[in-house]
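Asks: Residues per chain, in single letters:
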Amino acid sequence: MLFSSTEFIFLFLPVCLLVYFFLAKRVAYFYAKAWLLAASLFFYAYWNPANVWIIILSCTANYAVGKKLLHSKNKSLLLITIALNILVLGYYKYTDFFIANLNLVAAQNFPLLHIILPIGISFFTFQQVAFLVDSYQGKVPDFSFSDYCLFVTFFPQLIAGPIVHHGEMMPQFANPQSRTLTWENFTKGLFIFNMGLAKKLVIADSLSVIVVNGYQHASALGIKEAWITSLFYSMQLYFDFSGYSDMAIGLGLLFNIHLPFNFNSPYKAINIQDFWRRWHITLSRFLRDYIYIPLGGSRTSETQTSRNLLLTFLIGGFWHGAGWTFIMWGALHGIALNIHRAFSKLNIKMPNAFAILITFLFVNITWVFFRANSWDTAIHILRAMVGLNEAQTGFTLINDYYNLPIWIAATVLLFGKNTNEIGAAFKPTLVYGLKFVFLILLNLLFLNSSISQEFLYFDF
Amino acid sequence: MNPYKKFLFRYGGCSLLAVVLLVGINIWIDLYGLFWRKDAINVYSDERTSKYLLAHKYVPENFEGYILGPSLSANLNPKEIPGLRIYNLSMMGANITEQNAVLQKALQKGTPRFVILCLHPYLTADHGMKTGMINPKEYYGAFGSYSLYKAYGIALVRSLNLMPGKYPKNQFNDYGYNFYNHILQKMPVEDKINAELQVENAIPTAIDSIALTEFDSMINSLTDKKVAIIAYYHPLPYPLYKKYQTQLDAYKQKISNHLQGKAVVLDFNTEENAAFTRNFANYIDHGHVSEQGQRTLLHQIISNGKIRPAN
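In order, the protein sequences belong to chains A and B.
Residue numbers -10 to 449, in the numbering used here, belong to the letters of the first sequence in order.
Residue numbers 64 to 374, in the numbering used here, belong to the letters of the second sequence in order.
All the given hints hold, so there is nothing to weed out.
Taking lysine to aspartate or glutamate and the EDC-like style, the derived pairs with C-alpha atoms no more than 20 Å apart in a straight line are:
{"id": "1", "chain 1": "B", "residue 1": "LYS69", "chain 2": "A", "residue 2": "GLU173"}
{"id": "2", "chain 1": "B", "residue 1": "LYS68", "chain 2": "A", "residue 2": "GLU173"}
{"id": "3", "chain 1": "A", "residue 1": "LYS62", "chain 2": "A", "residue 2": "ASP131"}
{"id": "4", "chain 1": "B", "residue 1": "LYS193", "chain 2": "A", "residue 2": "ASP389"}
{"id": "5", "chain 1": "B", "residue 1": "LYS200", "chain 2": "A", "residue 2": "GLU(-4)"}
{"id": "6", "chain 1": "B", "residue 1": "LYS229", "chain 2": "A", "residue 2": "ASP389"}
With beta-carbon atoms standing in for the labels, derived distance ranges:
{"id": "7", "chain 1": "A", "residue 1": "GLY79", "chain 2": "B", "residue 2": "LEU84", "range": "51 to 57 Å"}
{"id": "8", "chain 1": "B", "residue 1": "ARG148", "chain 2": "A", "residue 2": "LEU7", "range": "49 to 55 Å"}
{"id": "9", "chain 1": "A", "residue 1": "ARG372", "chain 2": "B", "residue 2": "ALA344", "range": "44 to 50 Å"}
{"id": "10", "chain 1": "B", "residue 1": "LEU80", "chain 2": "A", "residue 2": "ASP278", "range": "45 to 51 Å"}
{"id": "11", "chain 1": "B", "residue 1": "ARG100", "chain 2": "A", "residue 2": "ASP365", "range": "48 to 54 Å"}
{"id": "12", "chain 1": "A", "residue 1": "ILE212", "chain 2": "B", "residue 2": "PRO66", "range": "53 to 59 Å"}
{"id": "13", "chain 1": "A", "residue 1": "ILE397", "chain 2": "B", "residue 2": "ARG100", "range": "34 to 40 Å"}
{"id": "14", "chain 1": "B", "residue 1": "GLU354", "chain 2": "A", "residue 2": "PRO38", "range": "57 to 63 Å"}
{"id": "15", "chain 1": "B", "residue 1": "GLU263", "chain 2": "A", "residue 2": "HIS103", "range": "35 to 41 Å"}
{"id": "16", "chain 1": "A", "residue 1": "ASP365", "chain 2": "B", "residue 2": "ALA337", "range": "46 to 52 Å"}
{"id": "17", "chain 1": "B", "residue 1": "ASN367", "chain 2": "A", "residue 2": "ASP365", "range": "50 to 56 Å"}
{"id": "18", "chain 1": "A", "residue 1": "LYS334", "chain 2": "B", "residue 2": "GLY75", "range": "51 to 57 Å"}
Since the hints were made in silico from the structure, they are not lab data.
We put the CB at the ideal spot given by N, CA and C, even for glycine.
Modelling step: build the complete structure from the supplied sequences, incorporating the hints.
Replies: Structure follows, in structure tokens:
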């Protein structure tokens, strides 16, 4: 059930909200939370009911170990449990990758298992690993099993983030003030949800048509088509994923739960470090706190710091997908961060516009590895971008220009105020009222059109 | 009252009113004859979506026969045939899956007396929907959707003749005729045919097995309803046909076997029809017929197929 589907918007969400606030007000908050947990599990089961046991088992086991770690500080237990979490993720996500590479290296022909990845497993595994580490370090207060399960399974963030931290979620679920409907949160939540929905339905999905065509015909692209394909993907990914995050944040607010921001105009970044402070912020936070710092962070020698950065981003790349293209993407970002560290010591200031352009171009090129289904596809597109591919006659990348106004609007929106800023400034005024009505009409129009597609980050 | 609550009720109410108003306008316009319109309705844009939606009500309620096929038959103008109300459900680039989906929609609402089916290897070369344009969701789209507003925009462009090169004013008519000739015709016919003769495997004749199953299913759905089927092998320019005769004859043999006893089968590639296929004035390119060609062809189908006006 996608956030951008009619069954979610007109059936699941209203029923979930109505029953939640009814139970919270008329019965007991405990039952309201139990309802929210059940609804979240239903939401998860909607994709594949057989996978519900994975998340239930994962929650139960990690909760039990977390409780134990709080009191025993048993490092072996911590390491074994983290390893088990990673093993489960590895089994579902990386088995075929390892078999394929083993076949290649050892000239074998072991059959691939084609295991279907349970949706959201990369996200809830990270969240629970963070929880285990913090429990061991005594940073977790006492908590109930229901609050813990709700923290992991809360449906707005379950499938594709933001990657929430127990420290910011469980106190909110425990807070009695969360139980009553708050008109301000509710209205803001609806407004932010609609902004995210428009980013997804109107912009990302219309860009997707061109991107899919370009990547499917990578060898046919000339320089112009290759640049259009890569630039459109950069925009599509941003509007798709940040749109999803906005919807998650908006949905959280409907339940009086504040989810962390995940994007802050990333393409306005003036260097690659700045980019990672603006792009998928909750992932950057996780990688920093649970990989980079434990590796030694920047409090070691220059060489070790460089190694830590590179390792962190290699892991980040591999987390995104089981493929060499993802590892390459992570490596390029790790290398770029190291170059940036060295460059920033020279104290050379460059004009902001130039810095933004350089950063964007680099990010845009690395997205080619991120998006390409194979190494060959990535190389075809990159070669075409530098003019080494001849455009194939008879191939047309853009078949019509009906969506041109949307593409122009998308480009403008990249550099305007972002949804966090607009949401924060939201007031119950006429101007926002007109924006609210416009967004609702636009979303209904596109919701009722047959072009909507899955969110890109569901694959990770 | 809490200002946020007031805001929500006020602008939520405005949104609801705006939705009701916009949906009301779209129902009033009724571009695809789904709700109330009884008059003649043209196609304006997205031939697949339009013909699929028109097949819900307008086509079955107003026509006694249909023409089915890809672009090769889409430019046959049924209005040329007096006394018969035939709707051309053919679609540019359509394969059997798409054509069958549109036909089945029309059959749900009514039964025609006859169908004219254009046969060419293209129709059964592959299967599956080529686009998302033929989609049950499009019915709800007629209340207000991206494709509906796009159709309004193109209808306006056509009626004001703003882009005659891309959207000619009278490209379609209310009988489903698609006069695409001057959009497709790019070079002298002889040159195009000669160029095509140089192309290796210019007419792939392989039949997709699933497409053939769908073809059988479509034919059976028509015979079950006792609809007369007049199937014709589209006349190909003589030199092209001659080049691929062995493969094309094998294709025809296979298809004719599947139509045995179920359809009247006409072949316009025989020597008796060579006067037509040798005359390039009947073509606009290597296969699509010209205005002159379509007139002759349609009249021959009607007379050879013995299609008579209903009593």
